[in-house]
Structures are given as structure tokens and as C-alpha cells.
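The listed protein sequences derive, respectively, from chains A and B.
As numbered in the numbering used here, the first sequence has no gaps in its residue numbers, which increase by one up to the final residue, 324.
As numbered in the numbering used here, the second sequence has no gaps in its residue numbers, which increase by one up to the final residue, 331.
Simulated from the structure, these hints should not be mistaken for lab results.
Treat the numbers as computed from the prediction; the structure is a model and nothing was measured.
By construction, the Cβ of each residue, glycine as well, lies at the ideal position given by its N, Cα and C atoms.
There may be inaccurate statements among the hints.
Taking lysine-lysine pairs in the PhoX-like style, the calculated list, with each CA pair at most 25 Å apart, reads [to be verified]:
1. A:Lys-171 - B:Lys-38
2. A:Lys-94 - A:Lys-80
3. A:Lys-80 - A:Lys-277
4. A:Lys-94 - A:Lys-277
5. A:Lys-140 - B:Lys-38
Far from chain A, by Cβ distances over 10 Å, these chain B residues were calculated [what the hints assert, rightly or not]:
6. Ala-41
7. Gly-85
8. Leu-86
9. Arg-90
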Amino acid sequence: MSVTQPGTGTMPVAAQPAGVALADPAPRRRRPKRWYRPTSTVGRVLLWVLLVLFSLLFLYPFIWLLAASVKPKGQVFDNRLIPETFKPGNYAEVWQQLPLLHWMGNSILIALLAAALVAISSSVVAFGFAYFKFPGRTFLFGLVLATMMLPGAVTLIPQYLIWKNLGFLGTNVPLWGANLFGSAFYIFLQRQFFLGLPRELFEAARVDGASYFGLFRRIAMPLAIPSFIIVFLFEFQASWNNLQAALIYLNAGGVEDFTVPLGIAYSMTKYAPGNGGQGDYQYVMVAALLVTLPMLVLFAFGQRYFIEGVATQGRKG
Amino acid sequence: MATLVRPRSVGTGAPAAERPIKQRRYNKREALAGYLFISPWLVGFAVFTLGAMVYSLYISFSYYNLAKNTTRPAGLDNYRAMVDDPKVALALKNTLFFAVMAVPLEIIFALLLASLLNRLGRSAGVFRTLYYLPKMTPSVATAAVFFLLLNGNTGAINRGLGLLGIEGPQWLIDPSWVKPSIVLMTLWGVSGTMVIFLAALKNVPRELYEVASLDGAGPVRQFFTITVPMISSAIFFNVIVLTIAALQVFDQAFLLFWRDQNNASPESSLFYGVYLFQQAFRQFDFGFAAAMAWLLFVIIMAITAVQVRFGNRFVYYEGDR
Numbered sequence: 008m009s010v011t012q013p014g015t016g017t018m019p020v021a022a023q024p025a026g027v028a029l030a031d032p033a034p035r036r037r038r039p040k041r042w043y044r045p046t047s048t049v050g051r052v053l054l055w056v057l058l059v060l061f062s063l064l065f066l067y068p069f070i071w072l073l074a075a076s077v078k079p080k081g082q083v084f085d086n087r088l089i090p091e092t093f094k095p096g097n098y099a100e101v102w103q104q105l106p107l108l109h110w111m112g113n114s115i116l117i118a119l120l121a122a123a124l125v126a127i128s129s130s131v132v133a134f135g136f137a138y139f140k141f142p143g144r145t146f147l148f149g150l151v152l153a154t155m156m157l158p159g160a161v162t163l164i165p166q167y168l169i170w171k172n173l174g175f176l177g178t179n180v181p182l183w184g185a186n187l188f189g190s191a192f193y194i195f196l197q198r199q200f201f202l203g204l205p206r207e208l209f210e211a212a213r214v215d216g217a218s219y220f221g222l223f224r225r226i227a228m229p230l231a232i233p234s235f236i237i238v239f240l241f242e243f244q245a246s247w248n249n250l251q252a253a254l255i256y257l258n259a260g261g262v263e264d265f266t267v268p269l270g271i272a273y274s275m276t277k278y279a280p281g282n283g284g285q286g287d288y289q290y291v292m293v294a295a296l297l298v299t300l301p302m303l304v305l306f307a308f309g310q311r312y313f314i315e316g317v318a319t320q321g322r323k324g
Numbered sequence: 011m012a013t014l015v016r017p018r019s020v021g022t023g024a025p026a027a028e029r030p031i032k033q034r035r036y037n038k039r040e041a042l043a044g045y046l047f048i049s050p051w052l053v054g055f056a057v058f059t060l061g062a063m064v065y066s067l068y069i070s071f072s073y074y075n076l077a078k079n080t081t082r083p084a085g086l087d088n089y090r091a092m093v094d095d096p097k098v099a100l101a102l103k104n105t106l107f108f109a110v111m112a113v114p115l116e117i118i119f120a121l122l123l124a125s126l127l128n129r130l131g132r133s134a135g136v137f138r139t140l141y142y143l144p145k146m147t148p149s150v151a152t153a154a155v156f157f158l159l160l161n162g163n164t165g166a167i168n169r170g171l172g173l174l175g176i177e178g179p180q181w182l183i184d185p186s187w188v189k190p191s192i193v194l195m196t197l198w199g200v201s202g203t204m205v206i207f208l209a210a211l212k213n214v215p216r217e218l219y220e221v222a223s224l225d226g227a228g229p230v231r232q233f234f235t236i237t238v239p240m241i242s243s244a245i246f247f248n249v250i251v252l253t254i255a256a257l258q259v260f261d262q263a264f265l266l267f268w269r270d271q272n273n274a275s276p277e278s279s280l281f282y283g284v285y286l287f288q289q290a291f292r293q294f295d296f297g298f299a300a301a302m303a304w305l306l307f308v309i310i311m312a313i314t315a316v317q318v319r320f321g322n323r324f325v326y327y328e329g330d331r
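Using the sequences and the hints, build the whole thing.
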């Protein structure tokens, strides 16, 4: 432990770039066969029955939602998966009922800003931790990892006061502003990626006279597009989902300035009979479906990035 | 002369012994560039994390006047008020109860799903996609749907239970079923944990199972003697992360129960995160809320420390040296 090479000793398992696996003393097969496969017919049938059963459990709320969104008011609760009366008109009426277009526009703008800013800032910081040697690097990176464990409640109030004193209350700046400074998990994730790039690549560019920023801009960034996409997608989803910040910073403002989560929460209240609403839950269902769709589209295009990102989370420990 | 020269060389000798090493390790320009690259995080950390933590601690010992933006020293008043407030104890009890119920169920369910998927070949991808969809659904949409599904009289969940001859409870009203209903929603979105388990399961060397089955160990025995120990670090990680998340539960509780004044079971559904939020941003009692936040911080740290202590005895790390 005398001369710890910063960067190589800190992350035990995950730090290994993909290529290292080839040098393993006991070379593994590229695609190992499944370790356990039910051999008996009964076992196979049971496995498939369970898998299909769970699929139905996971899909049922989606199908229920889709059905409820085209039902007339009185039938939303009837639990029929094929509506007795089709009322596709809900999809036309919802735009007059709720400022859904505003909410989605606000959320898209905020999510794009939040995701782009955090992906750029985190990768700059991650490159700093991955490539350069400087005093205190291991300690500072330890701090990055430590902040991942910090419960958000501890910094909630001071952050509110910061935005208040900067005059940003009632704007959407607090929902993306802090992303200018990188975010711990994303820094970790992108640093892992940069560490996997062969150092010779950078040394060669240095010899050719590239500046430090040039190394990042022309070599590291283009190669790190996959991890950049992971970060972007994760943050886009997180931002789309962020209820608490919207409650804190936007709830006092006009309904049209709400984001999607705040808007849906508002509409759940608006139609509740207990609040003098008329029980028009079909509009809430249409809205819920419409705000879920962008996420499903995102998943359809970026599935492997989401899965890869989550699996990386597991390797962080 | 000799006496003059000697002390000088000795004098520079001591630091020189360290300096050449440092100079070899750190190129000045490179170090500077490194600091420049991490400077966004340094600034953010100083202001939004460390600065905010210090300020939050300070607020917890103050009365905060939001209108004038001034503080007045409060000593331990906020902490005393917190201890005296029965709602804090209630919220803490509810939250711990929820975590104790949710975390093991999430772990077991996710592990079950991952083990099933791990037994498939290519078709695992299709099921993994299906199982992951709830995770992509915004929590507000999930809550809006479950709000109706969990309705005690007309909800689909009780209808389904009715088909099995079980009379379902009033999920969102009966105080003893409030937490299970949030657990149910949480379990529906368990696929993130499942994906982490699936990645861990794929890394278990197949040879171990071959040897075990030669020795006559059945699937159940293999699961507990090979799978569980081999993926123990993933289990450990998930337990810690899920516990921290459960102790901070907010979205589902807020959406199902605290959107407006009509809460049928305000006692049972009062979670720590919700009460803290109300104290901070509905009552604007920042001192009290900051004290609550620090209590939560200490509790989370303590629980994590116990888990780490306990976990290290059982966890097997791959490549442990």
C-alpha cells in the first residue's frame, strides 16, 4: 500500500476496463451457458407460467390505465379492461380540462436543461478525476462518493434559501441550476468510463501538442458518448419525475407554470369529489397516460443504456 | 566555512527528501488543470453540499424569520420541541415500520424475479423489458392509477382478491393497511433492484453449480449455499440503498394521502419525509425542520453503520485480498 497509484486502487472491481477481462489467468468463455436450466418438462412449464404471471401483474396497471382513459366518467372505476362504452373524446377534452400542454412543455424544457447540464458538467469533472494527478485527488473523490449517501433533507432548506436569496423563487431555475456543478453518481459513472480508455491515446495526443482541454474535447468526449447518454437519460427521467422540487419551488405560482408531476398531483385533487370536484377521473387517467408515454419512448430507444446504468449502480458498492 | 555550509545543506536536506517525490508525482501544470476540471464540482460541493450542511446545522439551532431573512439563536429549542412533538415520534415510527416491511419484501421479490430471468436464454430480454416498464412510469402516474386500483370498494385489487374469496381491506383508509398499500406500489417498481441482482447472478461462475449438483445438492440448497453467498455484495448494496430510500419515502405517501386536506388516516400515513416537508414548506418553521433533517441524518448514518458492520461478516467480495 506504499505507493498507491491513484485511480487504479480506489475502485476494486468496477474500475477494470472491459479489455482487462481478456487477460484473466483463466480465460472465460465469452458467452457462458446458463448455469441452471430446468431440465424437466414440469420445471420448464412452471418457469414459464411464473414468468407470464408476473408479466401480467406488471402490465395490468398499464392495460387498466389505457382502458380507463377511454371510458366515460361513470365507468372509470368498473375495472373492465375492454370499456363498455368507448369514449376516445377524453383525449380531445383533456387539453381544455387541464393545461397539460404547458406542463409537458415546462417539464421537457427543464428535463432537457437538467440532463444536458449535468451530463456535461459531470463528464468534465469526471475527466479531471480520471486523467489528472493532483494532490488530494483520492480524498476529494472519496468526498464525491460520500455525498451519494447524504439524505437530501439535510440540504433542502439551505438550498431553498440560496435560490430565494438569488431571486429565483417562482422560476424553474432551482429545478436545474444545481446541475451546473455535476452530480456524484454521474461523476462516478463517467469516471469509470474514462478510466477504461487506454492512456496511450492521450499521451500520443499530448505529444502532438493537444491542450488538456483538447484531450477532453477531442478524445475523451467522443469516446465517452455511451456513458454520456446513460447520464442524460437517467437525469431526464429523474427530472421528469421530480415532484418534491416542483412542490417547493413552483406550487405557489400559476397552474400553467407547473411541471408534469405537480400538474398530475393537482389534477388528482381537482377532480376529487371531496374537494368539490366532479369525479372526472378519466381526465386524470388520460393525463397520466400521456405523461408516461415520453418515458416509454425514451426506454424503447435507450433500453440498454438504462439497464447498463442501473447495473453500474450495483457495482458502485 | 565548513560549519556554515553544513547546516545549510542539512537544513534543505530534510524537506528535499520529500520534495523530489512530490515533484515526480505531480506535474504542476497537470495538477492545476486537474483542479480546473473538477472546479465545477468543488464549487457545487462547497456551496450546495458542505456549505448547505453547515448552514442547515446552524439553522437547526436558530429561529428563522423567513420574512426578514434573519436568524435568532434558539439554543436547543428546536431539538426540544422536536422531542416534545408526538407527531415526530409517530412519523418516525411509521417510517421505520414501513422500511422494515418494504426492504425485505423488495429484496425477496427482486431476487425471485432475477433468478427466474437468469434461467432463461434470449427470451429473458423480453421479460426484463416488461418488468422494467413500471420503473419508467412517473411516480405521479403510478400513484394516480394505484389510487383507483387500491380503492377499497371498487378498486381492481379488491375485486381480484374477491375472485379468490378474500375480502380486501380498505387500503387507503384503514390505518393498518396504509403502509402495505405503499409497499405494494413500491414492489410494482422493484425492477431496478432486479436488474442489479440479475447482473450479479450472471457473474456467478457456472462451475460452482456443476460441482454442487455432482455432490447432490438440489436447486434450493444450491440457491442458499452458492447463489446467496456469491451475490451477497449485491444483496448488501441493495439493502443499504433501499433502506436509505425507504427512510426518505415521500412521493407515494404525499400523492396518495397528503395532496389535500382530505386524508382519511392522517395518523398512519404520516411519514417522516412528509412531516419534515410540511414543517419546512407549509409551516415555514425552518429551525424545526432543519432539526428534523439532522435527526434523520443521524438515524440513517446509524442504521447504515450497523448494516455495514453486520454485513461485512457475511459479504463475500469477489477478488477479496
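Results of checking the hints against the structure:
Our distance criterion of 25 Å between C-alpha atoms is broken by A:Lys-171 and B:Lys-38, whose separation comes to about 40 Å. With a C-alpha separation of about 9 Å, the suggested pair A:Lys-94 and A:Lys-80 falls inside the 25 Å cut-off, and the hint holds. Between A:Lys-80 and A:Lys-277 the CA atoms are separated by roughly 15 Å; this keeps the pair inside 25 Å, and the hint holds. Simply put, A:Lys-94 and A:Lys-277 have alpha-carbon atoms about 21 Å apart, close enough for the 25 Å limit, and the pair holds.
With a CA separation close to 9 Å, the supplied pair A:Lys-140 and B:Lys-38 stays within the 25 Å bound. The beta carbon of B:Ala-41 sits about 4 Å from the closest Cβ of chain A, which is not more than 10 Å, so the claim that it is off the interface is violated. The Cβ of B:Gly-85 sits about 19 Å from the closest Cβ of chain A, beyond the 10 Å cut-off, so the non-interface label holds. Distance check on B:Leu-86: its Cβ is at least 18 Å (rounded) from any Cβ of chain A, clearing the 10 Å threshold; non-interface status holds.
With a least beta-carbon separation of about 19 Å from chain A, B:Arg-90 lies farther than 10 Å from that chain, consistent with its non-interface assignment.
Of the numbered hints given earlier, the model fails hints 1 and 6; all others are met.
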